[in-house]
Structures are given as structure tokens and as C-alpha cells.
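> For the protein sequence lines, the chains are V and X, in the order given. Once you know that position 171 of the first sequence is 171 in the working numbering, the rest is easy, because the numbers rise by one and skip nothing. Once you know that position 253 of the second sequence is 253 in the working numbering, the rest is easy, because the numbers rise by one and skip nothing.
One thing to keep in mind: the hints can contain errors.
To be verified - Covered stretches of chain X (chain V as the covering partner; in silico rule of three or more C-beta atoms under 8 Å from a C-beta of chain V):
(1) 61 to 75
(2) 138 to 144
(3) 215 to 226
(4) 292 to 299
Hints were generated in silico from the structure; no laboratory data involved. Note that beta-carbon positions come from the ideal geometry of N, C-alpha and C, so glycine has one too.
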Amino acid sequence: MGTTKDLSKYDKVFLIKLLTDMVLIRRFEEKSAQMYGLQKIGGFCHLYIGQEAVAVGSIAALDLSTDYVLTGYRDHAHALACGLSPDSVMAELFGKETGCSRGKGGSMHLFDVEHNMLGGNGIVGGHIPVATGVAFKIAYNKENGVVLCFFGDGAIHQGAFHESLNMAKIWNLPILYICENNQYGMGTMFKRVSSVDDFSVMASSYSMPGKQIDGMDVLTVYDEVSAMTEHIRNHKTPAFMEIKTYRYKGHSMSDPAKYRTKDELEAYKKLDPIVILKNDMIDNNLLTEDEFKEIDKDCKAKSAESVKFAENSNEPPLSSLYEDVLV
Amino acid sequence: MPVIQYREALRQAMDEEMARDETVFLMGEEVAQYNGAYKVSKGLLDKFGDRRVIDTPITELGFTGIGTGAAMAGLRPIVEWMTLNFAILALDQVINNAAKMLYMSGGKLNIPIVFRGPNGPAEYLASQHSQALQTMLVHVPGIKVVAPATPYDAKGLLKSAIRDNNPVVVLEAEMMYAWTGEVPSEEFLVPIGEADIKREGTDVSIITYSKPLKMAMEAAEQLAQQNISAEIVDLRSLRPLDEKTIFESVRKTNRAVIVDESWPMVSVASHVGYLISSQCFDYLDAPVELVTSEDVPMPYNHSLELAAQPSVDKIIKAVKKVLYID
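With these hints in hand, go ahead and build the complete structure from the sequences.
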């Protein structure tokens, strides 16, 4: 079957980490769906299953001591990929005081300040100017960091996106805008509501580099984001990237996703990001089926443990209601 | 003591705080090369350079959000809105991000930012440029809102706002920029959350803030000639509100008139009126009276626009009503 992809330029430990991160996100999200079904998690819950290569591949290209990540409401994966523990994310989904936002944020508002993951934002496109402001800070202080600003194909038509790209360019801010095009803004196929099919052309309106890449292969994402962030650091310019991906689940837990065909979903599942990397690694003798099973088992266990942790955690006290309104 | 304009007081506040703290910077439309649409930032570009005094494109939502992100990452931005009318476009960033970030991050991310600009009607500017929009901001937990009406308060409150670790909105007014008043040369701060008795009196409390303060003071002067002693409470801060000073004044005078240039429905005036009714009920000798703008968009015609706003005559009439005179 096909030609073997040469992985010799990658470190094995690094590849195992990418694979493990993607499997953990997959298993964590499956557990989240299960807990949502059991009404342990309420409200909106947007799953990332199918898109794992995007968050994992991009964030692997960063140095989170100087770089930053901001994203929208489909944020569990970004938080985990930045290093937040599954325990504190699951506890947040449960609304417990041990959650990463002390039970005040929930699914859409995960923060990991220690690892420069600054949310988790529930308003479509609302975080794009905020992420641009973080890049402004980097430029103002003459630091070497880069901001990754993730958002979906639904956010790209917001004024917030266009206003931000313009200012990022005129002030040469170090930010990579990443449109995770999972094809559907809620239930609307992106082509129905966009003047262009290839979003990357929008970068040229703001005189910055733009590229469309495949988001199902985590190594493609890693290589492309690494190259683009290096370009940003070296050339003091913002950039834009459209990463083509696909979500297997509905927009949120309440969405049965009837707007697309089973055939379409099945076709994408054949491009599964975990299967692609796993097979490439096996073909390169960097992984065995048994080793993969161990990784999977471990990730399932971590996800199950996160549920136990969340269940055993306390509800936030009612006295916390008035805490953190103001400093 | 030096007598300076309100705009100069604001400029001094920014100048001093920018000199004091490298993380403070100013961004907004026309703030740099043009020296400010109302000349509030005059000279700051020359002094601090274009790294710290930054002209933006006309994109209120965008630069308000960028300021919010910069504050989240550790800077202390001053975002100038050319007017509050234009800041309506930026409200998503103020309400959904600046005001909420600390709470929804479980206390991890505070937003030390100042949003400032003129609010309320000037003259001949018609409906879209003559709105007093404080209610939309004061409604939201997670931000502070101040509305100084004198050069002294403007300087002291803006300096406090810049040093505050929360988002603070400073409401100014086109008509107030040229107002003058005494401002000490030595450094001072006016704490956020403290009202100020601008005139002591015994018969009625006139509670107001921002531009109508001048009308209230003039009304009090005219009332004094009729042997009516009015006390003027200048709220200065709208959120947090200095309830203690309001209640003490009303418990002393037993009558209250609230003057507020925003619309009457769900306003600072109506909220203060409710607080007085609920906390000073046994002290009141008359129902609380409100003087607000009329419940209409602002017309262009000058006679009509004056008729739409609070006035000295309307305040005097309201005072007489609570005193059961005439």
C-alpha cells in the first residue's frame, strides 16, 4: 500500500509524544462525551475528535516559555496539548473547584497561565483581537515569542478577524492566525457562506504570508507551523494559515450533524490523524502494534482517572460566587 | 494653585503615569500625530514616541480587544475611544472579555486597562453622536466606571484608574474638556469609589455626576437666593458606587433629586433612586425625583436638543417638587 513516508528526520521520543498527545485527546474527548451523556457535564461541550493533528502538531512547534496559545470554545485539546493535566480539565468540565478555572469557566473557558494557554473563548472570533494584543505585548517588550491564535471557519468572516490582521500587519506583530477549517461553522458548510473556498488568499489582503495545509497529518502540521513561526520570528511579520481538518462529531453535544452524509464522515475517518501517524511509525519500524496498544491503554486510564478525580473533587463553595469579579 | 483645563488635567495624569510606569501606553484613533481628537494627548507622542503613543485605524472593536489582550499579557494600556458612541462597536470586547476574564479564568488573569473618552451630548451633533451611554457599562460586573466632572477629579481619578488592576472606564465629555479648575502641582490621587460633597446643604440632596454637575451647582446657587439649601453629591464613581455618602446626605436632608443626563429607563439615576427608597425610606419626606434626558433620540435642532436634556430650570423645578413648594 503506497510508499512509506520517511520519518528519519524525526526523533522517536518526539513522535511518540505526538502520537500519545493525540490519543490522549481522543480518549479524553470520548470520556467527556460519555460524561455529558450521564449529565455530569452540562451546557455547551464542543468535541475535537478528528482534529487532533492540528492542535498537537502546531503546539509542538512552540516553546511555551515564550510563546502563547489562544483559541475559541473547542478548546479541550489545546489545553491538553499545552500541558494542562486531564484531571484539571475534566474537573473544570464537571464544574468542580479543582478545575483549571475553579469551576467558573467550564468547557469553553480553559486557561493554563503556567503554560501560556490564555483561553478558551466562547464568542466566535472574540479572542482574535485579544490574541493580537498578546502579540502586541511581545513586540512592545521586544521578546522573541510568537502567538498561535486558533479559530474555526465560522470565525473568519467576523470583523474581529479582519480588524486584527490589519493591525497585526501595520505593527508587525508576531502572531500566526490559524483557521482550523473543519468544514462546518455549526451546521453550515463553509463554502455556502464564504466568498472564497481557499481562505489562505485572505492573507494577501493584509500583505502577510498565507498558506493552506493538510491538517490530518500531524507531521505536516508540525513542519508547516514550525517553518511559519520561524518565518514570523525572523521577519517580524504576522502570518495566516488555513489548516484543513474535519470534526467527526457534531458542532456541540446537542448537534446530531444531519447536514452531512455518512459517506462523507466515513471518507474522513479513513484519513484519521492518529491512524496516519501510527501507520507511518510502524512502516518506519518506530512503533509496534503492541506499543500502540500500550499507549492507548495508558491514555484510556488517564481519562478514566480524570473522571474519578473530578467526581471526588468538591463543588466550589457558594462563597466563591463573589470572588474574582474584581482584583 | 494652578488653574487648568479638564483636558490638561487628563493629559497630566497620562503623562505622569507613563513616566512612572514603562508598561503604560496610549492607543486610539488620532491620539498620536494629531495630538488627540480633543487634544487630550497633546505632546505625548513627542515625549514618549510611537512605541507608547499609538495611532490606530478606525476599528474600535479591534483595538479595544488588542488593548485587552495586551493587558492580559501584562501591559497597562490606556485605550482612547473618540466617543462612547463609537465604542458601541467595542462593547463585545469590554463586556465579554475585559470584564469577564478574571472571573472565568478562576482568578488567574486580571485585565489592568483603562478605556476612556467623551460620553454624553455636546451640541448640534444629532442622534448618533449625542448619547450618554454609561448605563450599558455600569450594568456589567467586572469593570469599574468613573465619571469625573472637575479637572481635579479628572486627574486624580484617571491616575487611580491607570494604577488599578481591573478594567476601568473613564467617562469624560466634549463640553467638559475646556472647563477649568484648580489642580495642585504636587502629585495626588482620587480614590475610585468615593463620592464628593461639592456643596453642603440641609434642605435637599441633589445627586449627580459628570457634566450635569455644573447645572446642579448653578441651580443650588439660585435656590440659595430663595433660602433653599441644597447639598450637591457628586458621585464621581458609578461602579463601585459610594452608597454610604449618598445615604448620609439623604438622611440629613430628607429629600433627594437625582440628575443624570442619560435616558430615564434603567439608569444610574433609577438605581440610585431605588437604593434611596429602600435604604432611606424612613428618612424621606417626599418621593425621590429624577431629572434625566427625555426618552427620545437626540434631535439636531438646538432648541429641541436643549429641551431633551436636564437643565438648571428642570433641576430647580424638581427640588421645589420634593419640597412641596409652588
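> Give a verdict on every hint.
Verification of the hints:
| no. | hint | verdict |
| --- | --- | --- |
| 1 | 61 to 75 | holds (count 15) |
| 2 | 138 to 144 | holds (count 3) |
| 3 | 215 to 226 | violated (count 0) |
| 4 | 292 to 299 | violated (count 0) |
In the structure shown, a violation is registered for the earlier hints numbered 3, 4, in ascending order.
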